Structures are given as C-alpha cells and as structure tokens.
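There are 2 protein chains.
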Amino acid sequence: MVKRKVSNPLALAVLAVLSESSMHPYEMAQKLKGRGKEQSIRINYGSLYTVVDALVRASFIEPVETFREGRRPERTVYALTPAGEVELREWLSEILRTSTKEYPEFEAGLSLMPVLPPETVAPLLRQRIESLDIRLAEVRAFMDQMRSNGLRRLFLIEAEYEEMMLRAELAWVKCLAEELEEGTLEDLEIWYRWHQGDESSRSFAIRGKERHVS
Amino acid sequence: MVKRKVSNPLALAVLAVLSESSMHPYEMAQKLKGRGKEQSIRINYGSLYTVVDALVRASFIEPVETFREGRRPERTVYALTPAGEVELREWLSEILRTSTKEYPEFEAGLSLMPVLPPETVAPLLRQRIESLDIRLAEVRAFMDQMRSNGLRRLFLIEAEYEEMMLRAELAWVKCLAEELEEGTLEDLEIWYRWHQGDESSRSFAIRGKERHVS
DNA sequence: GACGGTATACTCGGCTTAGAGTATCCGTCA
DNA sequence: TGACGGATACTCTAAGCCGAGTATACCGTC
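Residue numbers (the working numbering), protein chains in the order written: chain A, 18 to 231; chain B, 18 to 231.
Bear in mind the hints are in silico, worked out from the structure with no lab data behind them. Among the hints, erroneous ones may be present.
Heads up, the list lumps identical chains together, so a pair's fine if it works in one copy or across two of them.
[Said to hold, decoys possible] Derived lysine-lysine pairs resembling DSSO-like cross-links, with alpha carbons at most 30 angstroms apart:
hint, residue 1, residue 2
1, Lys20, Lys191
2, Lys118, Lys191
3, Lys20, Lys50
4, Lys48, Lys22
5, Lys50, Lys118
What you are looking at is a predicted structure, and each value in this text was computed from that prediction instead of being measured.
Produce the complete structure using the sequences and hints provided.
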C-alpha cells in the first residue's frame, strides 16, 4: 500500500485515456464523459487541470505539443511516459486487489441515528427506500442508454456493481424500517423512553450502569 | 437538498455529542472514539478544530468557557446553540432520508478494469476476496469488542450495515472472478484479443464500427 | 530522582478540490 | 445580419482537509 504521488482517482482516469492516445485535457474529459465514466469517477474541470499538472510534476505524463487555433486558449497535448504506464498498471491493480475502508454518508447517519426519536426515524427510512428506488431506475436507464450507444457490457461493469450495491442497501433498509415499525428492534424500548426525557435512561448507549470506555 | 454551511460529517458528530453535554474538542474526540464512531466517521484532530471553528462561525455552537490547568494548553468548552440543534436534526434527517451518489474507489477501478489484460485481473479479484474476508473479520471483531464493553446493539447498527455491504460485495466479486476464470463473461474474447495487440479490436469499447458518443 | 512512555490538548502549513468565472468560436433562427 | 445559446478550452481563488508537529503533564520504575 504505497503512498501515491497523485491520489485523486481522476488522475487514474487520465492515465487510462492517455494509454490509448495522446490528447489535451479537455478532450480527456469529453472521452471519459462519452463513455459514461462520470458516473464512477468525479470529473470536474477544476480538478482535471490540477491533476494534469500534478501528473506532469510526477513525470507520469509530459506535454508533447501546444498550439492554438485563432485566438482560442492554448491547447496542450499530453502523452503518457513509461513511468506513467507503470503507475497506471500498479495503481489500478492495487485498487482491484485491496478493499480500502470508505466512509459513506449513510453509515455516519446510522451511527448517529439514536439522536432522533424512533418515531421520526421510521418515516425517514421509508423515504430513503423511495430515494433508492429512484436511483436504481437512473442506473438502469443509464445502462440502457449506453448500451444503445453501442457500448459493450464489459465497459458497464461498474454500473452493474453499483446496481447490486443499491439493491443490497435497499433490502437492508426495508428490513430495518420494518423492525422499527413492528417494534421488534432490540433496544427500541429504551430509545423511545430516552426521548421521552426518562432520566433512568440517561446515557442509554451503555447497558447497565454507566461504564467509561476509553 | 440545501447546501450545508459546514459539510464535513465530523461536524455532524460534533453537533451530536454536544447535544448531550457541553465539552471541549479533545473530549469530543475521546467520546466519539470511545463509542467506536471512528469506524463510521473520519476523526482526525486537524479536521476537528477546523470544523469546530466553522461551526462557531455558522453560530451552530458557541464557546461557553475557557480555562487552563497549570501550564497546559487552554481548553475551550463549547455548547450547542438552538440553531445548532435545528441543524443537527435537519442534517441527520436528510442523510437518513436521501441516498446521495458516492464514488467508491473500487467502482472507479472496475470502470477502468479493461486497461489491464483479463489474465491479470482474475488473480487480482481473488486477492480482493481475501482482503474483503479480512475486513469482514475486523468488523465482526470490532462489534464483539464494543458489545463486551456494554454498548447496545442499537449503537452498532452502522457496523451491521457495513457488514452487510461487505458480504454483498464479496458475493458479487466471487461471481465476477468465476466468470473470468470459466471464460463465461461477455466480451471476454475481444478483451483478450485486444491485449494481444489485435488491430481488429482497436477501440474495442464500442460494438461494430466506431461511433462517437458525445 | 532521572528517564521513558503515554495521555492531554491543540497548532500549523501545505496540498487538494470544487465551483464559478472568462474568453472565443460556431451554428441557427428570425 | 445580428443576437443568442451552446460548445470549446481553460483559469482563478477560496475553502477544505489532513498529517505532522509541539508542548506540557502524569505515572511507573530502576
């Protein structure tokens, strides 16, 4: 798990498109967007040009020509260096090989959930289910769109992954919402009482008498 | 979907602990870590103090006293303001209610996967399976640890979520690895040929003759 | 009583990032 | 013909974020 000189995933995408042919930054963005990569990688111009500079500094890419048409801004065409090709392969391998802990917003939300009273949380989860359904439909629509543009399934594998993860979350949230509504969730009783202002459930995180965990 | 004045999830955690009692930043971190929240929310001191400042500027919290013991650095104790309580509830509700698109590294990796030849990818996925197994064991160990410290299940719900998501990914990656190894994956043929340097598969992303998608 | 290790409590600087802004060219529709 | 939107191709700046560093206090031990 080496520390990368440039760590933004957009830089990986830049190395990947440059491995096919040299081009200027704006064209990279066009190519990536044309293939629907903006669904899996944050592409924004602010970051793109910074990332390209950083890759030049790290000698993973180099400018090969610059020219201008009329009075338009100058275009600089970049090419992958041998070191860049190595970096591309190694970095991509590392990403596929090892799973790194990430911090999705919802996980943070769940971990603070007891701050809200249970009666409030149940309908929120119901809304989330709707929200997930919508997102699922969007992903499917995106895949259909790309496929009808002639893109191979192999190049939409990340969308299939996302779809599967959405389905998994959906099932889990449905289950949690049900447990809340049916009252079958463990600890639901004290959670409810605590929000009633019941002093006996002060610091209700810990079972039994308060214990300091450090 | 309002734009938050302070958007770091750590800020939400700060609001949450302050809703129980006033305290100084270092104590917030201790309390959050004691409850295992560093598993679901990035807690680091650099961000903590910046985030506390930002919350003060936004009037969600305010300093209530500062004092020093001996010659130790000064401690500033903060308290939640009414506006902060509103923000806490609204923000947390929004997170639970709506799913926002995120960009996990692995999704980016998958979307660029065809850059590597298929024979290379298969063993990488096998390694990922091991890596996921390890992570899964860690999550389980963490839950056992916390439970034996007396923490209620309700306060480990985010760990259950993470465990479920890990299992889902694990099953999917196993399936993908198998398809690669058995040769049953769609488009595997051209993918292989392309890495052999077969010119007939140039720009193999698109089926049939090259079409420009913009 | 000197020494090392750990806990306490922050501070600082530099790198990353996002998002808005700028300037030019081109097609088209009235 | 001229005006307007949209595509092209960057640039700039404020803010966010993190990791490493700092300084003191406490505690055991040899």
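Against the structure, the hints come out as follows:
1. Lys20 to Lys191: between (39 angstroms within a copy, 28 angstroms between copies)
2. Lys118 to Lys191: Both ways: lysine 118 and lysine 191 sit 24 angstroms apart in one copy and 19 angstroms across, limit 30 angstroms.
3. Lys20 to Lys50: both (28 angstroms within a copy, 26 angstroms between copies)
4. Lys48 to Lys22: within (24 angstroms within a copy, 34 angstroms between copies)
5. Lys50 to Lys118: So lysine 50 and lysine 118 pass the 30 angstroms test inside a copy (27 angstroms) and across (17 angstroms) alike.
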